[in-house]
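Enquirer: In order, the protein sequence lines correspond to chains A and G.
For the record, in the first sequence the residue sitting at position 36 is 42 according to the numbering used here, with numbers rising by one throughout.
For the record, in the second sequence the residue sitting at position 114 is 115 according to the numbering used here, with numbers rising by one throughout.
Hints listed in this document are in silico derivations from the structure and should not be mistaken for laboratory results.
Computed from a prediction, not measured in an experiment: that's the story for all the values here.
Heads up, some of the hints might be wrong.
Some but not every residue of chain A turned toward chain G, in silico, with C-beta under 8 Å [said to hold, decoys possible]:
| id | residue |
| --- | --- |
| 1 | Gly10 |
| 2 | Trp12 |
| 3 | Trp16 |
| 4 | Gly19 |
| 5 | Ser28 |
| 6 | Phe29 |
| 7 | Val31 |
| 8 | Met36 |
| 9 | Met40 |
| 10 | Val41 |
| 11 | Ile44 |
| 12 | Ala50 |
If we take Cβ atoms under 10 Å as the criterion, some of the chain A residues that face chain G in the derived model are [what the hints assert, rightly or not]:
| id | residue |
| --- | --- |
| 13 | Ala13 |
| 14 | Leu33 |
| 15 | Glu47 |
Ideal placement from N, C-alpha and C gives every residue a C-beta, glycine not left out.
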Amino acid sequence: MQWGSWAEFWAMGGYGLYVWGSFAVTLLCMAGEMVSLISTERAARKHDGEKA
Amino acid sequence: MAAINWFKFSSPHSFYPLAGRMMPWFLAASLLLSIVGLYVAFFVAPTDFQQGESYRIIFIHVPAAWMSMFIYLVMAGWAGAGLVFNTRLSGMMARALAPTGAMFTFLALWTGALWGKPTWGTWWVWDARLTSELILLFLYIGFLSLTAAIEDERRADRAGAVLALVGVVNIPIIYFSVVWWNTLHQGASVSLKSAPKMATTMLIGMLLMALAFWMYSIAAALLRVRSIIREREPRAAAEV
Chain A
7 MQWGSWAEFW AMGGYGLYVW GSFAVTLLCM AGEMVSLIST ERAARKHDGE
57 KA
Chain G
2 MAAINWFKFS SPHSFYPLAG RMMPWFLAAS LLLSIVGLYV AFFVAPTDFQ
52 QGESYRIIFI HVPAAWMSMF IYLVMAGWAG AGLVFNTRLS GMMARALAPT
102 GAMFTFLALW TGALWGKPTW GTWWVWDARL TSELILLFLY IGFLSLTAAI
152 EDERRADRAG AVLALVGVVN IPIIYFSVVW WNTLHQGASV SLKSAPKMAT
202 TMLIGMLLMA LAFWMYSIAA ALLRVRSIIR EREPRAAAEV
């Protein structure tokens, strides 16, 4: 663990904006896509349940 | 020995439940790999002596770029199979992959720009690697809009397949752009032929994240192909 403190971790050696800007957008896109896919899946399974 | 029926799961009806059963495993694998990968990326891999901490963007930039090219090839493969075998599911698989491929292409460009700003001093430059990756994004968007614009799904699959196959030439161009042209973008640090030019922990973190993104893409494609099957062939989607 080479980060002295959480503050240092978020600062990311002064590159915080770039590093966290990259990771945040990546997480947002991937999580967003997966959540929408899974909710479609769940809606279908619930519908199948009612129909069956 | 009984002959293997290679086409056992090539019908939407038989593949639908299989995709449903496989998907959770791939999703779990991607979550596990990314947790371990992120831990290595931030808590094990050391500070880079030149770039300091900004290099940590590599842990998502390279996996996203690799997936943007890899998904395109797999998508074009399915599209080609659909044309050759005239199998409905192949076209569905190509359509299921396209949005995720487009997303990773955007992410490769986005993370690349955020890495370029502190390192090169600019968000964008008309460099061979960046430009060919941008063309890849246009190809994905072209595939998505072309297939969405055609009413008849089977015709849309065929039109999309032609576009996807034509666009395949762009993938080697992206990959070798750093070799063929004098580019600002650095050359390949990872190759199967030579020893890695990266510190071991950095390489391990990057490969873990690449595997995580790969598992994620499979899970996303399996989920999306199920929703495509439900849309196109509701009877096939009735749980067996």
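Enquirer: Looking back at the hints listed earlier, which ones does the structure fail to meet?
Expert: 1, 2, 3, 10, 13
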